[in-house]
Amino acid sequence: MKPNFIQKVTNWGNFPVVEKEMKSEDSVSKIKQFVKDHNEVIARGNGRCYGDASLGEHIFSTKRLNKFISFDRLNGVIECEAGVLLSEVLDISVPQGYFLYVTPGTKYISVGGAIASDVHGKNHHAEGCFSEYVIEFKLIDENSEVLICSREENADKFWATIGGMGLTGIILSAKFKLKNIESAYIKQESIKAENLDEVFRLFDESEDWTYNVAWIDCFQKGKNLGRSILMRGEHALKAELPVNLQKKTLKLKEKPKPKIPFYFPGFVLNSLSIKIFNFLYYNKQTKKQLNNFIDYETFFYPLDVINDWNKIYGKSGFIQYQMVIPKENGKEGMRQILDTIAKSGNGSFLAVLKLFGKNNPQAYNSFPVEGYTLALDFKVNKGLRKLVDQLDTIVENFGGRIYLTKDSMSRSSLTNYLQNVDSSKFVSLQHKRIINNG
Amino acid sequence: MIILGSNSEVAQAFVEECLAKGEKFQTIYLLSSNPETTEKFAGHIQVKFFQHSEIIPLDLMNDIDYKTLENINSDVLFCATGYLGLGTEEGLYDDENTERIIDVNYAKLVPVLNFFAKRMESKRSGTMIVLSSVAGERGRQSNFIYGSAKAALTAYLSGLRNYLFDKKVHVLTVKPGFMDTKMTEGLPLNPALTAGPKKAAEGIYKAFKNKKDVAYVLPIWAIVMFIIRNIPEFIFKKLKL
Ligand SMILES: Cc1cc2nc3c(=O)[nH]c(=O)nc-3n(C[C@H](O)[C@H](O)[C@H](O)COP(=O)(O)OP(=O)(O)OC[C@H]3O[C@@H](n4cnc5c(N)ncnc54)[C@H](O)[C@@H]3O)c2cc1C
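Sequence order for the protein chains is H and V.
Everything in the first sequence is counted per this note's numbering, starting at 1 for the first residue and increasing by one.
Everything in the second sequence is counted per this note's numbering, starting at 1001 for the first residue and increasing by one.
A couple of the hints might just be wrong.
To be verified - Using C-beta positions, here's what the derived DEER-type ranges look like:
| hint | chain 1 | residue 1 | chain 2 | residue 2 | range |
| --- | --- | --- | --- | --- | --- |
| 1 | V | K1118 | H | F264 | 55 to 61 Å |
| 2 | V | E1233 | H | Q33 | 43 to 49 Å |
| 3 | H | T286 | V | V1214 | 57 to 63 Å |
| 4 | V | G1022 | H | D304 | 22 to 28 Å |
| 5 | V | D1103 | H | E19 | 36 to 42 Å |
| 6 | V | P1035 | H | S413 | 47 to 53 Å |
| 7 | V | K1024 | H | K315 | 46 to 52 Å |
If you are wondering where the hints come from, they were derived from the structure by calculation, not from laboratory data.
The structure presented is a predicted model; accordingly, all values stated were derived computationally and were not measured.
We put the beta carbon where it would ideally sit given N, CA and C, even for glycine.
Between the sequences and the hints, there should be enough to build the whole structure, so can you do that?
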């Protein structure tokens, strides 16, 4: 038996599936050698991007770069290797009174993946992207050299790598800031909105809240189009917490996790079951407004509660379609998008609406620009490409763009916004696809 | 705790499992021939668990300087040293390969284990947890040099267990089957028979706490090896295993 490292690899959407070389190392000299020895290398963190961004001819998995390096508990600065997951950071930081400034909707992503996608959370309007809090990182570049990149040192590489989708090199480790918290709980308000106009109004009213997100029932049409629940939250202060939570404010009990044991057969997730789910979800909350305290896991990572939930979509997989439409056209754009989806009958289990604030112009490869962003899951089936094409046209008409980390089939005019990333060494299937289409 | 072979992923996962379960150690002695990964690991457990550790160079292929081991004092020893080397096809008649496999897995390792056994014997307490291998249960044509060295190690451990029993020292032989580690990366392993380091560490920790003598990492291996052990030799010799 000689190792050949060829494996079936796929990301969170289970689409596409490729058979490519995937290797992992923990020693810098061996990683350098790997980069030297191959053309077309791409880094892969935990494969939580949905599509083909971290797939390539020679995949370097950072799963063995999983060590913490330092934690300055006084100033809330942590340094770790690129393969460390955000969940692992939280495990040690929350009990010490620190939280991530920016977190996506799953904590099972790597620090390298967070930088390469410059991820955003429910607080983009208030606190920006992940990169705002990155102090420096180490990068292996195309010459197999290790560069320290920060706003002062190798600043060009620093900014190109942020949101650069792995096309500038392999991030080895990173140092970033954490935010102080008094408790592991979130003060939450969830408010039902009858339609799109109301939810947009609620977003405007909620601008002073740190975290805002709305879940949309995308099967509704006509005057109910955009029926949704807006959730807004703040890290709860110790003194605010109800007495039963005051004893252990920074520690959560471990909860058992159900697991999806196998790929669901295709018929499980048809439009009827989604309609029922959405109906129940919307009507679970009977009051117009609900105020409560919930732990951070429930607030930020509701989907992480079930391991491998992506298997629900069956073997053919699913895509996540996430676009942003600039603010001035945002409402009209969203209306057309939701309308198109409702008409297509291709409902989405999950439709999440957020408002992006102003972007950081220095982080020119980041996805967010000021406006509305909607993320939708669609099962891969015959009609999907047509729907994606229709949606792409709307996004294009309104001057929007697609989030690369979730893309696997959108048109290149919406996905080719990266700059300063062209190298013959670091190449992903996604980048090739985009370049070839354009 | 004393760790022999500290850059092994299973050893590191075992240390993390112990610390996560709330075990306390004044110092963890990390013995290793690879300072780069061991230093990273030492920093990691400091950050994650506030765990103090000390790195001590140990290369079984060189002469052992026992003076460097003198100040080590602990009740638990975990040994994950090992060397797979080349299998029969590429390596049988490569003497250097053969010697190295025998040295690292058995010949040079046993004196080091004896060194620590002696200390535990004199203190009349302690546990030695040593990774051997299912490959040591029956020689198979594909890698019997490795298998034979592990068989010798397994026999040594069972003797040692017997010898130390009334001296209150416990010896646990662990027989991992396939493991998903650096050593086996890129090999087409059957997922049902393969354990990742974390899973392996959880199993070993349980066996340690339950004072088991011999433990497989995945229970399925007990059945697989039962069958392999009991195939009559006249049939076994014809198999391509
Ligand atoms: C349930 C769910 C919810 C999500 N919610 C959000 C959200 O709210 N906001 C948001 O922004 N994103 C969200 N995402 C997307 C996710 O945050 C990003 O795709 C993230 O980049 C995934 O990180 P990863 O470690 O899995 O990296 P991968 O998916 O493996 O890789 C993603 C990209 O990063 C690159 N990369 C990874 N590691 C390195 C490295 N060490 N060096 C260089 N490049 C590297 C890869 O080449 C690839 O281009 C969500 C994903 C899921 C599954």
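Structure-based check of each hint:
| no. | hint | result |
| --- | --- | --- |
| 1 | V/K1118 / H/F264: 55 to 61 Å | holds, 58 Å |
| 2 | V/E1233 / H/Q33: 43 to 49 Å | holds, 45 Å |
| 3 | H/T286 / V/V1214: 57 to 63 Å | holds, 58 Å |
| 4 | V/G1022 / H/D304: 22 to 28 Å | holds, 25 Å |
| 5 | V/D1103 / H/E19: 36 to 42 Å | holds, 38 Å |
| 6 | V/P1035 / H/S413: 47 to 53 Å | holds, 51 Å |
| 7 | V/K1024 / H/K315: 46 to 52 Å | holds, 47 Å |
In the structure shown, no violation is registered for any of the earlier numbered hints.
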